[in-house]
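**Student:** Chain residues, written in single-letter form:
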Amino acid sequence: MSTTSDASPIQAGAADGRPRPGRGTPTKGDAAGPRPRGRDLLHALPWIGPALILIFGVVLFPAVVMFYNSTRDISQSGVDKGSVGLDNYIEVFNFPYFWPIFGRTIVWVVVVVAATVIISLGLAQILNKAFPGRRIVRLAVIIPWAASVVMTTMVVYYGLEPYFGIINKFLVDIGLVDTPEGYGWTRNPATAFAWSIVVAIFVSLPFTTYTILAGLQTVPGEVLEAAKMDGAGPIRTYWGVVLPQLRSALAVAVLINIINVFNSLPILKVMTGSIPGYDADTIMTMIFKYIQNQHKVDVASALSVVAFVIVIVIVAVYVRVVKPMKEV
Amino acid sequence: MAVTAPAFETIAPPAASARKRRYTEDQVPLGKVLVRMLAGFIVLAIFVLPYVIMFFGSVKTKAQIRSVDPTYLPTEWHWENYINMWSTPETPLPQNLISTIVISVFATLIVLLVAMPAAYYTARFKFPFRMVFLFLVIVTQMLQPAVLTSGLFRQFLAFDMIDTWAAMIFINAAFNLSFAVWIMHSFFAGIPKEVDEAAQIDGAGRLRVLFTISLPLVWPGIVTAIVFTFVACWNEFAASLVILSTAGNQPLSVALTKFVGQYETSWQYVFGVSIVAIVPVVILFMIIEKRLVGGLTAGSVK
Amino acid sequence: MKKSLRLGTAVALAATASLTLASCGFGGGSGEEAGGKTTLDLLVPSYSDNTQGLWEDVIEGFEAENTDIDVKLEVQSWDNLETVIATKIQGGEAPDIYNGGPFAGFAADELLYPAEDVVSPETFSDFQESFIANAEVDGTAYALPLIASARALFVNNALLEQAGVAAPPTNWDELLDAATKVSGLGGGIAGYGMPLGSEEAQAEAAVWLWGGGGTFGDATEITVDDPANLPGADQIKKMIDAGATQADPGSTDRSPLMDIFIQGKIGMQVGLPPTVGQIEENNPELDYSIVPIPTKDGSPMTVGVMDQLMAFQNDGDKQEAITKFLDYYYTADVYVPWVQTEGFLPVTKSGAEELSSEEALAPFLEVLPDAQFYPSTNPKWSATDAAFKALFGQLQTKPAQDVLTEIQAQADAG
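Residue numbers (the UniProt record's numbering), protein chains in the order written: chain A, 1 to 328; chain B, 1 to 302; chain C, 1 to 414.
Simulated from the structure, these hints should not be mistaken for lab results. Take the hints with a grain of salt, since some may be wrong.
[Stated by the list, open to error] Here are the simulated PhoX-like pairs of lysine-lysine, each with C-alpha atoms no more than 25 Å apart in a straight line:
| no. | chain 1 | residue 1 | chain 2 | residue 2 |
| --- | --- | --- | --- | --- |
| 1 | B | K62 | A | K323 |
| 2 | C | K296 | C | K181 |
| 3 | B | K193 | A | K323 |
| 4 | B | K62 | A | K269 |
| 5 | B | K62 | A | K228 |
| 6 | A | K129 | B | K62 |
| 7 | C | K398 | A | K269 |
| 8 | C | K181 | C | K238 |
[Claimed, not checked] Beyond 12 Å from chain C on every Cβ pair, some chain A residues (computed):
| no. | residue |
| --- | --- |
| 9 | V172 |
| 10 | I174 |
| 11 | G184 |
| 12 | V223 |
| 13 | D230 |
| 14 | I275 |
| 15 | I314 |
Don't be surprised by glycine CBs; every beta carbon is placed ideally from N, CA and C.
Given only the sequences and the hints, what does the whole structure look like? Please build it.
**Tutor:** Below is the structure:
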């Protein structure tokens with residue numbers, strides 16, 4: 001069967017797969033036993049070591065620099081002028097627009113992630129059904145993922161521009177907008193933010209949909225048939241059988257979406273970039289504005305640390321409540 | 001445990017045959033199929049629309065793109081844009097494409113090689129600091145790239161690796177490790193443990209179990225992780241911008257910005273390059289899509 | 001047990017080996033330079049699609065004459081330029097020569113060579129004095145003028161005629177009147193194109209605030225929140241309230257708006273020398289004229305902008321090579337075609353002489369003597385500039401005084 005034959009070339013190339021006769025049961029059962037913890041850790045190291053090396057080798061230093069910079073006074077040209085303690089943090093929190101920006105960030109994450117998950121669940125159902133042309137539709141769904149987020153946003157942005165934009169032209173042509181040059185969707189904070197949410201959902205759909213779709217493949221056919229034989233309707237089957245089975249994949253997809261959406265900069269940067277003031281900003285665009293416009297790397301670092309703490313709290317709460325990591 | 005442990009050879013076939021009768025393949029009446037096709041068509045239309053607009057833009061002239069009386073379809077089709085963009089004065093596009101491919105392919109390979117064992121082990125075995133490890137992995141993803149670039153620049157300066165592909169390969173690999181670990185972890189965790197245990201009792205080593213038993217079962221998850229990582233590397237911008245200074249070393253994401261002048265922008269090339277940049281990812285996806293959802297039964301469906 | 005450890009190690013080794021391999025196999029283009037060659041790093045922004053090619057020509061010519069010097073060119077878009085330079089400086093790897101706008105911050109951090117140290121006296125004396133004066137901090141020039149531009153009002157003659165406006169406006173009352181009439185034509189036509197969006201809000205701000213007798217300040221003090229700036233800000237609001245501008249001026253960027261002017265949908269808009277080339281390329285049929293910017297009382301005024309080259313000290317061992325390069329660049333044979341192709345005004349006396357007969361530049365050269373410049377020698381100018389970009393567009397909805405106060409506060413904090 002394809003199962004084993006597909007995998008064997010990989011096995012041959014990757015490492016030696018010599019059988020280990022007489023190997024005891026290495027499962028949870030005895031791992032939880034009286035074996036010393038240090039040994040367990042030592043056993044784990046070869047498996048997780050490379051990951052640790054990569055993370056510590058590449059990510060640690062820049063992260064430390066970020067924390068360090070958040071306590072320094074860095075001139076506009078980038079020269080370190082010494083320590084300022086927590087002054088940068090004070091500046092972050094004293095910024096009059098901080099709390100509205102914070103609130104908008106939460107709205108941004110919640111709305112985008114929730115809508116993405118709900119739409120993806122439906123989308124995955126469609127893509128999971130057999131119909132002629134399904135392969136093409138599946139390929140189409142992958143495109144927003146393959147395309148760079150900046151470019152997708154750019155296209156929508158230009159479509160929405162007055163005078164030039166094809167979306168605006170369409171809205172004028174069907175009579176929804178009555179000024180001949182179109183409406184300035186990206187010129188006003190509220191509409192620009194709303195359109196940003198639409199784009200963010202759009203580009204988050206492929207990954208989420210595919211994770212769910214992959215999860216659907218792990219739903220055993222027997223279970224479904226059993227449900228059918230018990231007389232469960234499609235809706236009850238979905239809620240009672242399919243969704244619980246998707247839990248693991250879905251939980252991780254949501255987690256990844258939360259982090260990605262929270263950290264998303266390009267969409268809002270493009271869609272709200274020309275709007276004056278701070279009425280369409282999230283924490284990420286604010287970090288960007290500190291760096292790019294005001295050249296305050298120090299304050300930007302402080303805000304990044306704050307953002308980091310916020311997202312850790314969100315993720316910790318999420319992990320606590322949802323428990324995406326199945327117990328071993 | 002011994003009760004639920006059939007011989008090694010008999011394990012894979014039942015698992016596979018369970019998949020054969022998937023949730024998808026029922027016999028359905030024609031009416032239902034038509035409804036599905038309609039739904040599928042609507043989905044298709046929505047998802048390709050922005051890229052159709054992008055494509056139309058890529059065959060217009062600079063002036064037509066910025067025309068105040070836009071037309072839905074291009075009035076003239078300037079296919080030569082797709083030839084000319086490879087030899088513009090702004091950026092050496094063929095080199096940028098190669099650069100993007102090399103960086104993405106190698107970074108994805110490293111991620112696979114490093115993330116798979118970690119995901120497998122954390123999903124299968126308990127060890128001290130397991131949750132700490134998983135959390136540490138995901139923490140790397142919560143940091144803001146825009147703020148990390150200055151630290152990365154200094155670090156790779158110290159390694160004497162500024163302006164090298166290797167630097168970007170490592171950076172991409174390190175920052176995309178986390179999602180790959182978590183995605184694969186969730187799929188490994190989804191396989192009943194008994195499957196592994198049986199194989200191990202049968203005398204297979206841990207690695208062998210990983211490669212012959214677990215891996216085939218989690219292909220969809222691995223493919224998701226591959227696509228996710230590859231796409232993330234493919235479109236990476238913030239670090240490439242500061243690490244790679246020679247035009248020929250830069251990936252497409254940075255090359256695109258070269259068409260943006262102070263007062264005017266060659267949008268036709270920006271759009272054209274974006275279209276070109278999508279193609280390899282879609283091809284990659286076409287190649288492995290069968291693995292992802294058609295799954296192992298694709299052959300039996302036909 | 002041991003075995004499982006060994007297997008795991010094998011994976012780890014394989015991973016590490018692949019990492020090492022990757023790093024050996026793929027050292028990107030830039031190698032170590034051989035044989036004691038000096039390498040100069042040159043970081044420049046992209047002005048147009050000519051920029052990369054123009055610099056490559058300069059470098060090629062220079063390297064042919066100076067075989068012991070290698071010049072490494074890096075072109076970035078304006079959007080990314082400052083991110084890249086800031087990162088490089090933080091890493092202690094500033095480029096040797098940099099083309100940018102605000103330089104006072106670099107000078108204040110003592111990163112730059114004084115201009116006179118990196119060009120020969122002949123080259124230095126060829127710069128027009130007024131431009132050099134704009135590059136001076138405490139009497140020492142730290143940057144070399146590269147290009148200059150002045151603004152003027154581009155007028156769509158056909159639209160004005162259609163609206164029954166006899167002559168281009170020269171003061172604010174006439175401008176308001178003419179713009180209102182043109183806007184009245186309807187059909188998506190706007191009388192005056194007013195870009196207060198983030199792209200270049202400080203320029204449009206200068207057009208109006210200075211035109212009303214105001215100023216942004218000088219080398220030592222930023223004075224945005226000043227009664228002298230109120231008339232200009234109020235006049236902007238007047239224009240908006242009268243419907244004399246396009247919709248949403250507060251968040252409209254300059255470049256896309258200019259595209260609309262070029263295609264004949266806007267009556268009047270302030271433009272600069274490269275605009276002439278853009279019209280030539282995109283809509284040569286446009287019937288337009290270039291006139292001085294209308295001011296409150298009609299007295300002549302224009303906003304002058306100057307971009308500079310600056311030389312970073314770094315280890316202080318490349319002064320000689322930098323000097324050679326800059327001297328080469330500013331020779332008329334090299335510099336004039338460069339500045340001409342980019343469509344800006346030259347900053348050298350020899351360049352001005354050669355280009356004096358250039359017709360497209362004439363209207364700008366004419367207003368140049370009345371040019372006022374941004375207080376770019378003030379170390380706080382960069383922050384002020386950012387504050388204008390981020391906040392000035394709020395004029396559309398907020399009281400003028402509040403906006404000026406907010407900009408001043410952000411500039412002072414920066």
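**Student:** Against the structure, test the hints numbered earlier, and report the numbers of the ones violated in rising order.
**Tutor:** 1, 5, 6, 9, 11 and 14
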